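Read off the chains here:
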Amino acid sequence: MSTDAILSFEEAMEKYDPVLGFEVHVELNTKTKMFSSAPNVFGDEPNTNVNEVDLGMPGVLPVVNKTAVESSIKIGLALNCKIAESCRFARKNYFYPDTPKNFQTSQYDEPIAYDGYLDIELSDGTVFRVEIERAHMEEDAGKLTHMGGATGRIQGADYSLVDYNRSGVPLVEIVTKPIEGAGSRAPELAKAYVAAVREIVKNLGVSDAKMERGNVRCDANVSLRPHGRERFGIRSETKNVNSLRAVEHAVRYEIQRHAAVLDSGEPVIQETRHWHEDTRTTTSGRAKSDADDYRYFPEPDLVPVLASREWVEELRATLPEPPAARRKRLQADWGYSDLEFRDVVNAGVMDSIEETIAAGASASVARKWWMGEIVGRAKTADVDPSELGVTPETIVELNKLVEGGKINNKMASQVLEGVLAGEGTPAEIVEKRGLAVVSDDGPLLEAIDAALAAQPDVAEKIRSGKLQAIGAIVGGVMKATRGQADAGRVKELILEKLGVEG
Amino acid sequence: MTELNNSELIRLSAAQLAAKLAAREVTSVEVTQAYLDRIADVDGQVNAFLHVNAEEALAVAAEVDAIRAAGGAEAEALHELAGVPIAVKDLIVTIGQPTTAGSKILEGWHSPYDATVIKRLRAAKMPILGKTNLDEFAMGSSTEHSAYGPTRNPWDLDRIPGGSGGGSAAAVAAFEAPLALGTDTGGSIRQPGAVTGTVGMKPTYGAVSRYGAIAMASSLDQIGPVSRTVLDSALLQEVIGGHDPFDSTSLTDPFDTLVAAAKTGNVTGMKIGIIKELHGEGYQAGVENRFNESLELLKEAGAEIVEVSCPNFKYALGAYYLIMPSEVSSNLAKFDGVRYGLRVLPKDGPMTIERVMAATRAAGFGDEVKRRIILGTYALSAGYYDAYYGSAQKVRTLIQRDFEAAFAQADVLISPTAPTTAFKLGEKLDDPLAMYLNDVATIPANMAGIPGLSLPGGLADEDGLPVGIQLLAPAREDARLYRVGAVLESLLEEKWGGPLLDRAPVLKAPVLDSSSTIAGGSN
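Which chain is which? The protein sequence lines are A and B, in order.
Per our numbering, residue 7 is the first one in the first sequence, and the count goes up by one each step.
Per our numbering, residue 930 is the first one in the second sequence, and the count goes up by one each step.
Everything labelled a hint here was simulated from the structure, so no lab data went into it.
All figures in this text were calculated on a predicted structure; none of them were measured in a lab.
Be a bit skeptical, because a hint or two may be false.
[As the list claims (entries may be wrong)] Short, incomplete list of chain B residues facing chain A, as computed with Cβ under 7 Å:
1) V1022
2) Q1026
3) S1148
4) T1181
5) E1256
6) V1267
Glycine residues also receive a C-beta, built at the ideal position from the N, C-alpha and C atoms.
The following block holds chain A by itself, in its conformation from the complex:
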């Protein structure tokens, strides 16, 4: 595997202007497949979620999944697209063993959704509009596993296994128009765009949106042109970049690679590239020209998909609040500063905070817990904060214990640890671990008497109005009670005892 020359990103940006384009495939989470009644389930025993249609048996016919059409329309609407009143499927003909019919049923020149846009907010709050060319319906292919070779690719493999469970899973492919003007923010925009699409389909409930499972897959197109030139350069298409971080890295790498190729005076080759997470580089796939001949023609086994305006409006009415609008609303409701809110979003705890507030906590308390104790622990455990196992109810209960003076903040951290260790509810843990702040005044009064007797001069100072001297007595009491006393209460009792107004 030869290593391609690259330019530094800064130098590439000095010389060239990047143009991006994305094809994002979203697997829909319908109960059944795009054209058959077989279950659409991830991770089952290979070749069990298939019927004669998915296997391309002789004589079978496809039937369009209505829920998949609904989901596609919802995605189109969320991407501000127009929805076609009538659209058709076509056959994309090519021989490959992951495609049982040796053609893929896909929309070609009549997508269900077209001409949309998505406003992408970058980390500093800049909003960048990405134009959407189309969102069309198609079916997924089966999954090939190449055995025996060194690379895991078909070349050099001894044999290949095919799992048709994924064959026929409904997909929506979202294609952008060429994205110009991102400049050095292109890698960041790439990541933010895919994140936004993922967030939208998750928010719509039409996809499980798990990139690690391939529910959302991104092909990233990159080309460079010298600054000031209108005509696009030749593009590469990096296939199946399947994490947000990888999208950013792949775009960055391709910009650097293209720049080096152009600098050497060679033309960029129009081709697909494979992304390698380990080296964070791409390697050449197969040459791809616009002349690839898939012999598309309208799918004669299906009738046109009709989306009446009434139906589209019905679906529009069911759409949840768009994620960007929701963020604006939540920030206003919670009264967080821009910085505080961005930190919350970046830490991935916005939903958890919302749920915690709904469960009865104040906005500031919810933020304090999630952005402090929980984010810290999640980082240590290397999991998402929401996956740590802390429920909104736990936070509310913990906070009540603190506010009610039952425990102090230091103890609360220990109680949380107990909750995460599965020891029970906060109240149970306080009980079991004997963590309660000492609230019976009897033992406290004894300790206070002892402390006052031990430091009579300090007691005298307090009596004479030098209240700041009280710390020495409180310290003695806390020492005697091993920190379990409520310092505020101790202070009150001392003043009471000495007959001084606090």
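Given chain A, put chain B in place with the hints provided.
Here is chain B on its own, set in the frame of chain A:
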């Protein structure tokens, strides 16, 4: 139980058999066994069947007999055709029997599912006698392109039985089955019907589910009945037809007035249109004579004969031979040796998936299939699509408009089904274009999705072979064809003094080796 002997029993129509079964004058087992015996006796000469399904057919027959014998609600609920046996073109998938499509590439393959029409036959408890021969993947007009040898015409064993459904037509004509299922993409039900003296109906596109019919050209294919009488076809279409959620192109119309239409018995005041472009030049004189005779009879029965013109029909054959192979090239891509059917490994060189697919398809497909795949692949290619597939689709629209204009002037249209009577085996095998011309009168109906019925019109004077009369109606008006067809059939039979098939030569079980007299085939 029956007073009829077997040779009388097998000559009864399906409707007559159904009546005798209902009256318990005969049992389904007797009927089914009589047909199985007939197949055993004569199919060595005819080669209509690729597979005989004796055991299952007899079991279904016995079940029907048991239900009838027990009486009561279950017997009452039996379908009219329950116990009446049927043969199925081997393009239609069946559990429990092989399905080959007449191709080596599917030799030995068993479908894991039943076609919708098969489910409906089973629901009606009609014993399935077996699977009938066809041109490979239904591509041909003579059944000579079957990988399993040609079927022979019962009227003359040296001649073709038509195609692609020659097996179904010959089985019915040779009294090896009272009914059969066919498929019609460009005439594969009607043209075999014409040359074997049987009735063949291509229903409106979408009137019968295609689920489980191995696709040749999806936008043209249609399953339909093959029978010896018009009423029998109507009875069978009512069994197999109606909406099917597994076929998106299936219509929701009930098509439940077909039998009633076949029993209407008059054509008074109906306008019957002769299509100017579908007779005359290029049509055999004996075909023209029988056609004119039918027109006279219809006129005498009170129909008004008008002439209509369909000027774009001259482009139909050319457009058909672009659309059909285009769809064929895609539909047959799945036969690659990866998941089922034949797998052939390359003799030498690297064992890559592409080379295994190529070797399998090279060995598994016959010449006519390859010819159409290549033609269709070319027609769909970038740079040629508009000129070929695109233009052909425009012609298709023009043909539909021609029909619309014609049906504004006539209730049904009439023409000869095929330009000639049955030709000799091997005669056109080396001349694909001459073979394609056989379908010139049947193709327009497929291009427009309208129903077409072929019924026997008599024998050509010059060769004594059957001539077919084709009736065409607007989409969804299948009932109209059964009405006119049944009237014309009764007028003709009155003239002949009985069914045309009564005049066919008697096929007998070979006592002596008769292979020397039927060695005309070149396959």
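Verification of the hints:
A hinted interface residue such as V1022(B) counts as satisfied when its beta carbon comes closer than 7 Å to some beta carbon of chain A; here the least separation is about 5 Å, so the hint holds. Residue-level restraint check for Q1026(B) is violated (minimum Cβ-Cβ distance to chain A is 14 Å; threshold 7 Å). At a threshold of 7 Å, the smallest CB-CB gap from S1148(B) to chain A is about 4 Å, leaving the interface hint in force. Look at T1181(B): its Cβ only gets to about 12 Å from chain A, farther than 7 Å, so that hint breaks.
Below 7 Å, beta-carbon pairs count as interface contacts, and E1256(B) has one with chain A at about 6 Å; its hint therefore holds. Hint status for V1267(B) relative to chain A: holds, with the closest Cβ pair at about 5 Å, below 7 Å.
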